[in-house]
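Chemist: If you read the sequences in order, they're chains A and B. Per my numbering, numbering of the first sequence is gapless, rising by one per residue and ending at 308. Per my numbering, numbering of the second sequence is gapless, rising by one per residue and ending at 308.
Quick caveat, the hints were computed from the structure, so don't treat them as lab data. Among the hints, erroneous ones may be present.
Any copy, or any two copies together, can satisfy a pair, since identical chains are not distinguished.
Straight line, CA to CA, 27 angstroms or less: simulated DSS-like cross-link-like pairs of lysine-lysine [claimed, not checked]: (1) Lys227 with Lys294; (2) Lys271 with Lys203; (3) Lys172 with Lys203; (4) Lys172 with Lys271; (5) Lys271 with Lys289; (6) Lys271 with Lys292; (7) Lys203 with Lys282; (8) Lys224 with Lys203; (9) Lys172 with Lys292; (10) Lys203 with Lys292; (11) Lys224 with Lys294; (12) Lys224 with Lys292; (13) Lys227 with Lys203; (14) Lys282 with Lys292; (15) Lys224 with Lys282.
There are 2 protein chains.
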Amino acid sequence: MNDELGMQIAYEEAVKSYEEGGIPIGAALISAEGVVLGRGHNERIQKDNPILHAETSALINAGRVDAKVYKTATMYSTLASCFMCSGACILYGINRVVMGENRTVQGGEELLISKGIELINLNDEKCYQLMQKFIKEKPHEWHQAHPEEFEG
Amino acid sequence: MNDELGMQIAYEEAVKSYEEGGIPIGAALISAEGVVLGRGHNERIQKDNPILHAETSALINAGRVDAKVYKTATMYSTLASCFMCSGACILYGINRVVMGENRTVQGGEELLISKGIELINLNDEKCYQLMQKFIKEKPHEWHQAHPEEFEG
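If we strip away everything but chain A, and leave its shape as in the complex, we get (with noise of 0.2 angstroms):
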């Protein structure tokens, strides 16, 4: 799997999150050989529910899953992970975390450097249009999402 096409599957994501009234965050966890574990999208607004992120919302859908897949999945994120889905990485082993951007907010980067994990930024255009727009159509939404770090 090359790092664009796991980041296309995440903005898939966010685009579905966008179309559902909710925060335009996607997310997939995707092993070594390509295969996609588990991918989901913020659902904070859809569900009234503060803790689902994309990536606990890729989590979720890829279910219990051994350490050793853990350890050779990436986890691809159209924003920056905040802090706790960064811990939600170190937690179960993932080792590689892709971002889309972190021009909108940064979150939880230096923890997942302090841990040893590896952290790309594709600095991809379209995630970072797709949260500026829902950001200026609905900014109480995002404020109330990240009172002290940001949404992830």
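Since chain A is already given, all that's left is putting chain B on it; use the hints.
Modeler: Just chain B now, with coordinates in the frame of chain A:
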């Protein structure tokens, strides 16, 4: 709300999880005025969901809360919070975390402290004993739940 009372609620949740066959970790998010905003327990096994830890379940139960409410609340958890749950507290600006114990495993303590969050360890014997009982009974479930770090 004194901390022993807050921990009692978290412990009740842990017992509930144990009785359901799940990992016996409980949590409660309690306001400065003593209002229980949310409570919950680990449901990894019960709902086949890797991100339903005690703290995240309590946050879901609390719903979408205003930043100012999170700021004055305390998160009680029967076991030291893992990196995901520590990150969730950071994300939402919860400034105080009280753990039942960290003899079973250590988690995101340093991360919480580095963010200026007040962290208290009650060294509660019954929280510890309940975890030990579970680990003895279901070692595989426990091991799978915290491949890199641990379950909070």
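Chemist: Look at each hint and say if it fits the structure.
Modeler: Hint check results:
1. Lys227 with Lys294: For Lys227 and Lys294, only the inter-copy Cα distance (23 angstroms) is at most 27 angstroms; the intra-copy one is 37 angstroms.
2. Lys271 with Lys203: Answer is neither: 32 angstroms inside a copy and 29 angstroms across each miss the 27 angstroms cutoff.
3. Lys172 with Lys203: both (14 angstroms within a copy, 25 angstroms between copies)
4. Lys172 with Lys271: neither (32 angstroms within a copy, 34 angstroms between copies)
5. Lys271 with Lys289: Classified as neither: same-chain Cα gap 33 angstroms, cross-chain 31 angstroms, threshold 27 angstroms.
6. Lys271 with Lys292: neither (35 angstroms within a copy, 30 angstroms between copies)
7. Lys203 with Lys282: Close inside one copy (25 angstroms), not across copies (35 angstroms); limit 27 angstroms.
8. Lys224 with Lys203: Close across copies (22 angstroms), not inside one copy (31 angstroms); limit 27 angstroms.
9. Lys172 with Lys292: Classified as within; 18 angstroms inside a copy, 44 angstroms across copies.
10. Lys203 with Lys292: Classified as within: same-chain Cα gap 22 angstroms, cross-chain 37 angstroms, threshold 27 angstroms.
11. Lys224 with Lys294: Intra 40 angstroms, inter 20 angstroms, cutoff 27 angstroms: inter-copy only.
12. Lys224 with Lys292: between (41 angstroms within a copy, 23 angstroms between copies)
13. Lys227 with Lys203: The answer is between: 23 angstroms across copies meets 27 angstroms, while 30 angstroms in one copy does not.
14. Lys282 with Lys292: Within one copy, since 15 angstroms is at most 27 angstroms while 50 angstroms is not.
15. Lys224 with Lys282: neither (33 angstroms within a copy, 33 angstroms between copies)
In the structure shown, a violation is registered for the earlier hints numbered 2, 4, 5, 6 and 15, in ascending order.
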